[in-house]
Amino acid sequence: MQQSPYTEFIERCDGFEEEIRRESAAGKFTYAELEENDEDLKKLQSWFEKIRKLDFYSASLGDQAQMKLEQCATLLDAFADQVFNAQSENATINAVPSGKLPTSSEN
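To get our numbering, take the position in the sequence shown, counting from 1, and add 7.
Don't read these hints as lab results, they were simulated from the structure.
Certain hints may be false.
To be verified - Computed cross-link-like contacts, DSBU-like style, restricted to lysine-lysine with a CA-CA straight-line distance of at most 30 Å:
#1 Lys35 <-> Lys50
#2 Lys60 <-> Lys49
#3 Lys35 <-> Lys49
#4 Lys50 <-> Lys60
As the list claims (entries may be wrong) - Okay, the calculated beta carbon distance ranges per label pair:
#5 Glu25 <-> Gln73: 18 to 26 Å
#6 Lys57 <-> Glu24: 31 to 39 Å
#7 Glu96 <-> Arg59: 36 to 44 Å
#8 Glu96 <-> Leu68: 36 to 44 Å
#9 Glu96 <-> Leu61: 24 to 32 Å
#10 Ser53 <-> Gln89: 39 to 47 Å
#11 Lys57 <-> Arg29: 25 to 33 Å
#12 Ser95 <-> Lys57: 35 to 43 Å
#13 Ser11 <-> Asn92: 18 to 26 Å
#14 Glu18 <-> Thr81: 16 to 24 Å
#15 Ser65 <-> Glu96: 45 to 53 Å
Glycine residues also receive a C-beta, built at the ideal position from the N, C-alpha and C atoms.
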């Protein structure tokens, strides 16, 4: 039996979510990872639109697939926040002269 396009799409969304979780657990909060994940989300969005255009009968999995896509976008937004926070912290540490962090008496 052939797999529904929505079923395959949902499985890919699950893979996307797992990838974000793995990168978060490993602390890979870099702009390169964010850009790569953003591209993957754009591919999912484009693919979803193509599936929707061919869904003349409003397949029951369509709504579930849309919810999964929205979850992926939300997860990527949270990952982006972590990336920006990590990069901001790195910039602050690198901006301190001679690599020393200020003590409470220097503030």
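We went through each hint and held it up to the structure:
1. Of the pairs offered as hints, the one joining Lys35 and Lys50 holds, with about 21 Å between alpha carbons and a cut-off of 30 Å not exceeded.
2. A hinted pair counts as satisfied when its Cα atoms are at most 30 Å apart, and Lys60 with Lys49 qualifies at roughly 17 Å.
3. A C-alpha spacing of about 20 Å is found between Lys35 and Lys49, which places the hinted pair at or below 30 Å, so the restraint holds.
4. Under the criterion of a C-alpha separation no larger than 30 Å, the hint pairing Lys50 with Lys60 is consistent with the structure, at around 16 Å.
5. For the pair Glu25 and Gln73, the supplied restraint of 18 to 26 Å holds, since their beta-carbon distance comes to about 19 Å.
6. Lys57 and Glu24 have their C-beta atoms about 21 Å apart, which leaves the hinted 31 to 39 Å range violated.
7. With their beta carbons about 40 Å apart, Glu96 and Arg59 fall inside the hinted range of 36 to 44 Å.
8. Separation of Glu96 from Leu68 is about 41 Å and conforms to the stated range, judged on CB atoms against 36 to 44 Å.
9. At about 46 Å, the CB distance of Glu96 to Leu61 disagrees with the hint of 24 to 32 Å.
10. Checked against the hint of 39 to 47 Å, the pair Ser53 and Gln89 fails, with Cβ atoms roughly 25 Å apart.
11. Range check, Lys57 to Arg29: Cβ separation about 27 Å, and the 25 to 33 Å hint holds.
12. For Ser95 and Lys57, the Cβ-Cβ distance of about 37 Å falls inside the hinted range of 35 to 43 Å, so the restraint holds.
13. Separated by about 39 Å at the C-beta atoms, Ser11 and Asn92 break the suggested range of 18 to 26 Å.
14. A hinted range of 16 to 24 Å for the beta carbons of Glu18 and Thr81 is consistent with their spacing of about 19 Å.
15. Ser65 and Glu96 have their C-beta atoms about 47 Å apart, which keeps the hinted 45 to 53 Å range intact.
The structure is inconsistent with the numbered hints 6, 9, 10, 13, although it conforms to all the rest.
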